[in-house]
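Visitor: As they're listed, the protein sequences go chains A and B.
Going by my numbering, the first residue of the first sequence is number 11, and it counts up by one from there.
Going by my numbering, the first residue of the second sequence is number 11, and it counts up by one from there.
You may find that some hints are simply not true.
Identical chains blur together in the list; that is why a pair holds if it fits in one copy or across any two.
[What the hints assert, rightly or not] The calculated EDC-like cross-link candidates involving lysine to aspartate or glutamate, where the alpha carbons are at most 16 Å apart (straight line), are:
(1) Lys-87 <-> Glu-34
(2) Lys-87 <-> Glu-142
(3) Lys-87 <-> Glu-197
(4) Lys-87 <-> Asp-48
(5) Lys-87 <-> Glu-234
(6) Lys-87 <-> Glu-59
(7) Lys-87 <-> Glu-100
None of these hints come from the bench; they were simulated from the model.
Below are the chains, spelled out letter by letter.
There are 2 protein chains.
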Amino acid sequence: MDTPGGGIETGFTAAGGIVNFSPEDAARLETLLRWRRDVRHFRPDPVPEALLVRLRTMMALAPSVGNARPWRVLSVKSATLRAAVRALFEQENRVAAAGYDPEHAEVYARLKLAGLDRAPEQLAIFMLEDPEAGHRLGRCTMPETLHQSTAMAIHTLWLAARAENLGLGMVSILDPRHMEHLLQVPEGWRFSAYLCLGWPETHDDTPLLHRTGWQENTPTVWEER
Amino acid sequence: MDTPGGGIETGFTAAGGIVNFSPEDAARLETLLRWRRDVRHFRPDPVPEALLVRLRTMMALAPSVGNARPWRVLSVKSATLRAAVRALFEQENRVAAAGYDPEHAEVYARLKLAGLDRAPEQLAIFMLEDPEAGHRLGRCTMPETLHQSTAMAIHTLWLAARAENLGLGMVSILDPRHMEHLLQVPEGWRFSAYLCLGWPETHDDTPLLHRTGWQENTPTVWEER
Chain A
11 MDTPGGGIET GFTAAGGIVN FSPEDAARLE TLLRWRRDVR HFRPDPVPEA LLVRLRTMMA
71 LAPSVGNARP WRVLSVKSAT LRAAVRALFE QENRVAAAGY DPEHAEVYAR LKLAGLDRAP
131 EQLAIFMLED PEAGHRLGRC TMPETLHQST AMAIHTLWLA ARAENLGLGM VSILDPRHME
191 HLLQVPEGWR FSAYLCLGWP ETHDDTPLLH RTGWQENTPT VWEER
Chain B
11 MDTPGGGIET GFTAAGGIVN FSPEDAARLE TLLRWRRDVR HFRPDPVPEA LLVRLRTMMA
71 LAPSVGNARP WRVLSVKSAT LRAAVRALFE QENRVAAAGY DPEHAEVYAR LKLAGLDRAP
131 EQLAIFMLED PEAGHRLGRC TMPETLHQST AMAIHTLWLA ARAENLGLGM VSILDPRHME
191 HLLQVPEGWR FSAYLCLGWP ETHDDTPLLH RTGWQENTPT VWEER
């Protein structure tokens, strides 16, 4: 994919410097978006290193406000650290669950724990709170642009993983300061999310479940002014 | 696309409830990510309503933490409001530019103004600061998940627009409180970004510029723990 102007493999045409995507490209993106899912049940099979390298390349294509590129990825391999993350999740989830109907809280916790216990790849995503890149463009008025850029990078990884038939689950019920301390990150790294990545166990990940999910998704209201 | 299990038009196969994306799907996504761009120069031609409807459908497929779906879209049609947004940009940009090399600050401001002056569609994106949907899941420990979800929706729209050969430019140099006041949004809506959308003027949007851009993109470092 070093010569994206070629247009042979990927269906788009590039003539006179103008790139044109076909209706099929839009349809494929829609399919990918519809089948993107928050996966919690993984097969334990490892993800080949070459595939992880492709995902890194894709994530690096994410947009960022002022091109600040504030995201940092820690691949958590150590079993000791993974167990500690699991314990931090359980601790925070007890606090969070106190406000919910106990049955749903338990179901929810089991789902997340299933991901943390089995996902072959686990990625802690951090955001630089004061990146040198981008020269603070956009951040003077809206410091949340760093959160936005990091989230767009996570979403890029999510779609890239899906296109490779991998699943990704995002865990946010973790105390950011505890995660930063646990993983001993450099000064200025703020915890953004913990991602579980691997091959989905398809037998409890049926299209029906997802069709139901689509129904639950209310359309985005666009108002006019 | 109401029957995504069909697999006829979009290249993926669905057998026994298992969806499989092909290597071509991953390659197409990579092409789309590589050619995704922050567009500032638009042709004034309107964007057909049917196309805007498709983009809305795509944006509604964005993931959100706890399925909170906190994004709201205001389509700014009024010439008076557009002029007021432009004035707010100029005001904030003067403040932001004070910290930069004047020549670059001016070039940058001209780019953004070009988008604000010509983009046929202009969308103000807001984030609900306390959405009912999602029941606060994930937000107890990390309130920034609402920013993350809204950014993933913006990114979804960005990619969907690109796949339809539209361009999108994101403007963040705007005072959020002023934007909320100007557009008289409901209580609890927080300004996230202002998006310029339209057909890119390809003659100053050359692949060369983008190839240069890719070179500037440093690879994402994945460290291990």
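Visitor: Which of the stated hints cannot be reconciled with the structure, identified by number in ascending sequence?
Guide: Numbers 1, 2, 3, 4, 7 - these are the hints that the structure violates, sorted from lowest upward.
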